[in-house]
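Student: So you can see what is in the structure, the chains are spelled out below.
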Amino acid sequence: MHELLQNNDLDMHVISIDQFSQAQLKQIFDQADEFQKQLANKDSRLKLSQKHAGKQVCTLFYEPSTRTRLSFEAAAQNLGMGVVSTESAGQFSSAAKGETIEDTMNVLNQYGFDAIIIRHSETGAVKKAANVSKTPVVNAGDGKGEHPTQALLDAFTIRKEFERLDNLKVVIGGDLANGRTAKSLAKLLSLYPNNHLVFVSIAELRITQDIKDLLKRSGTSYEETSDLDKALTNADVVYWTRLQKERLANPEDFDSAGFNLTKKSIQSLPKTAIIMHPLPRVDEIAVEIDDDPRAKYFQQAGNGLYIRMALLDKIASQN
Amino acid sequence: MHELLQNNDLDMHVISIDQFSQAQLKQIFDQADEFQKQLANKDSRLKLSQKHAGKQVCTLFYEPSTRTRLSFEAAAQNLGMGVVSTESAGQFSSAAKGETIEDTMNVLNQYGFDAIIIRHSETGAVKKAANVSKTPVVNAGDGKGEHPTQALLDAFTIRKEFERLDNLKVVIGGDLANGRTAKSLAKLLSLYPNNHLVFVSIAELRITQDIKDLLKRSGTSYEETSDLDKALTNADVVYWTRLQKERLANPEDFDSAGFNLTKKSIQSLPKTAIIMHPLPRVDEIAVEIDDDPRAKYFQQAGNGLYIRMALLDKIASQN
Amino acid sequence: MHELLQNNDLDMHVISIDQFSQAQLKQIFDQADEFQKQLANKDSRLKLSQKHAGKQVCTLFYEPSTRTRLSFEAAAQNLGMGVVSTESAGQFSSAAKGETIEDTMNVLNQYGFDAIIIRHSETGAVKKAANVSKTPVVNAGDGKGEHPTQALLDAFTIRKEFERLDNLKVVIGGDLANGRTAKSLAKLLSLYPNNHLVFVSIAELRITQDIKDLLKRSGTSYEETSDLDKALTNADVVYWTRLQKERLANPEDFDSAGFNLTKKSIQSLPKTAIIMHPLPRVDEIAVEIDDDPRAKYFQQAGNGLYIRMALLDKIASQN
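Read top to bottom, the protein sequences are chains A, B and C.
So for the first sequence, my numbering puts the first residue at 34; every next one is plus one.
So for the second sequence, my numbering puts the first residue at 34; every next one is plus one.
So for the third sequence, my numbering puts the first residue at 34; every next one is plus one.
To be clear, the hints were calculated from the coordinates, so they are not data collected in a lab.
Note that the structure is a prediction, hence the values are computed from the model and not measured.
Any given hint could be a false lead.
Note that the list lumps identical chains together, so a pair holds whenever it fits in one copy or between two copies.
Restricting the straight-line Cα-Cα distance to at most 25 Å, the calculated cross-link-like pairs of lysine to any residue (SDA-like) are [to be verified]:
1. K80 to K347
2. K167 to L79
3. K296 to N74
4. K130 to N293
5. K59 to S254
6. K130 to E321
7. K167 to E194
8. K161 to N283
9. K84 to Q69
10. K297 to I322
11. K245 to N142
Given these sequences and hints, build the entire structure.
Tutor: So this is what it looks like as structure tokens:
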């Protein structure tokens with residue numbers, strides 16, 4: 034079994050991308066595909082909306098992340114589950130009064146929710162919550178830590194386009210040093226054979242050593258380059274990520290290096306490739322690319338709905 | 034066809050009061066009346082609450098407007114639709130991260146909502162959103178721009194009381210320079226024959242030239258006056274609006290001019306007239322008038338529920 | 034009839050613990066027990082979730098209190114009612130624009146809610162709201178005033194453990210001067226015969242004279258002590274409350290006095306006793322006690338769900 038899978042407690046909580054086996058990923062992706070189909074049909078959509086009637090999820094967001102929250106809530110309601118929601122639990126009076134997240138969970142565990150979906154600004158906070166929770170917890174992002182449903186929807190998007198997750202040339206660019214999505218995608222792709230990863234960034238934002246070590250151990254080939262043209266040649270997937278300019282000494286370096294994607298800069302990209310981005314994007318991908326049939330970042334975001342439905346359905350079906 | 038109707042895209046989005054024809058208005062008002070009746074009966078209310086089961090709306094409020102949001106959400110739920118909601122998308126992490134409203138819409142379009150109801154502080158922002166949206170957008174107010182459901186509920190309230198929208202003497206007072214509700218009502222009434230509008234305000238807050246021009250072109254008679262007594266004589270409708278005192282050089286001028294409505298100041302108002310206000314009110318209408326049977330401002334607010342139901346039903350019925 | 038019951042308008046609003054008779058309390062507690070059972074079974078839970086289909090509640094929270102709001106909303110949804118919600122109506126644009134709570138209620142009354150659940154930072158604000166409301170109002174806490182569902186869930190928790198609310202030795206500690214929960218519990222226990230209350234606190238935080246007077250009038254025996262060991266001996270219930278340290282001159286006094294509950298400090302507490310706390314707790318109860326089978330504070334919080342369901346069911350059943 035892959036080294037990432039030691040912490041396999043999927044039956045209870047969804048905390049980290051590390052906990053999923055290939056078999057489990059396949060099951061989730063198949064279910065997500067199925068839900069997408071059912072939503073497209075009026076009758077099956079209506080039937081689906083009664084599947085988990087009477088059940089409820091709680092979205093507990095300590096920091097706002099409206100997009101993630103809305104898609105989790107839409108996912109729950111598509112399955113017939115009720116939602117109770119807080120969009121800024123940082124203003125949570127109990128937290129403000131000095132309550133630990135463990136106490137908060139101990140209370141919320143009493144309210145009979147079928148799942149508690151948590152977003153937190155502190156790395157590791159959601160794992161702490163899960164450690165004491167008898168109600169299944171889903172990590173909707175914890176600081177610089179994990180955001181497993183994002184990683185799942187990224188992989189799901191690739192599978193949807195190529196019908197496989199192996200034998201792919203994947204170019205990953207942007208903020209590889211700090212962005213959790215780039216790292217999670219690299220991890221996930223290392224589970225599958227014969228992928229080749231190409232990391233493109235400026236010196237300040239290069240992929241970290243822990244990821245390179247992991248790729249080596251899993252036998253996944255990779256390279257780092259500043260030659261975008263060459264990187265895109267024969268690429269299957271271009272996965273670009275957002276620069277948080279406020280964190281950079283010289284944010285213009287990325288653009289100067291030619292790493293912002295434009296119609297011109299992606300000329301060597303094959304017609305069959307796809308362009309992804311976890312969004313929101315700023316300048317890393319020019320708006321002129323949106324109409325390019327290879328641009329899949331909006332569909333990618335939408336795939337989050339089906340992935341979240343698949344996870345919530347799995348959890349709710351246990352009760 | 035009336036000059037206001039050039040932009041008739043009601044089939045898709047609800048952005049501006051200008052897009053409605055008389056026939057469409059009649060259809061919406063009739064439906065709103067019908068929903069009001071159905072809600073009043075226990076059995077038909079229950080049945081109605083299943084009409085659009087499985088469908089969902091998203092309320093995307095960039096600035097809080099609790100009353101408008103709650104009534105849209107209550108309207109959606111009365112029709113059986115699920116709601117996902119954000120009450121302060123200004124804190125929206127994506128917007129804060131520099132995302133354009135077009136990108137936000139492109140993402141939300143992927144989540145399968147049947148309608149996206151948007152409130153924004155910037156004039157024109159909702160139209161920008163609608164321009165890229167494949168999901169129907171409903172404008173819940175954009176800055177100093179439009180707030181079409183408010184205009185619809187105002188006209189609906191008059192129709193409910195008089196069974197017509199023509200041949201009325203309508204006195205409009207308050208902040209006519211800045212308030213969008215006074216202007217929208219004037220526009221709407223100009224669609225119907227033989228109305229006479231009387232504008233009452235202090236010099237600083239007089240109705241703007243564009244509205245006067247529009248009334249002229251449509252053949253609607255109007256006058257401006259500072260004689261409240263005379264204005265109210267033979268009036269059918271008194272529509273008063275809120276002064277935003279923080280914007281006024283001398284807010285006490287309005288009161289000194291005798292334009293705050295009190296039992297005493299409305300003595301010349303006929304018994305058959307009605308008093309309206311878009312609310313919230315501050316001092317422009319004294320609380321002592323609330324018990325006057327002519328005071329209809331709270332019912333007016335409530336009529337917003339039926340209007341919003343009629344619009345959401347129309348939109349959801351297209352899917 | 035007990036002196037507290039003069040204001041018996043339960044048929045309409047739930048404002049104060051004072052309005053409940055013993056018979057009404059019994060009815061609510063029995064119903065709460067029944068709902069707890071129904072939620073534990075998959076089929077009866079599903080059936081329950083359809084009981085008040087088509088009805089709606091509005092949660093109008095002028096200050097955030099996520100826990101209370103979430104449990105009210107979960108309670109409503111468990112009964113099939115829709116929820117529209119605002120978690121910080123202090124940002125409520127209408128309130129910010131100078132609207133009175135009476136006007137807000139007059140508007141919300143038009144939207145057809147079956148109940149309006151209000152949290153407010155000002156003492157008495159919810160009563161003011163109820164005074165003009167034709168829709169039933171439930172007080173979810175108003176400043177230093179009342180929080181009747183907390184008092185009900187406290188009493189319900191004791192009844193659940195002892196099958197009675199009389200003939201109990203109840204030790205109440207913490208901030209007895211300012212905390213509304215300690216006072217409300219004392220009031221409620223004074224309705225039942227042969228209880229003995231023991232108040233434990235530092236000089237700064239002693240129970241107020243009005244409560245002592247009330248206990249005297251009702252014939253309920255009580256004592257004040259600083260001897261925790263003796264207080265806990267033969268106790269049935271220990272009810273501890275949170276210190277708001279920011280309000281205290283010397284917050285460490287409470288700890289120095291030995292009043293923080295620890296494994297060591299509760300040695301004289303009988304095995305059959307229970308330990309309660311309205312939560313959130315800070316240091317007044319050490320985390321090491323959480324595993325003690327007598328610690329019931331998390332279940333106590335959970336009992337709020339059943340109590341709130343019982344109240345909302347009672348209200349919704351009137352329509």
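Student: Output the numbers, in ascending order, of every earlier hint that fails for this structure.
Tutor: 3, 8 and 11
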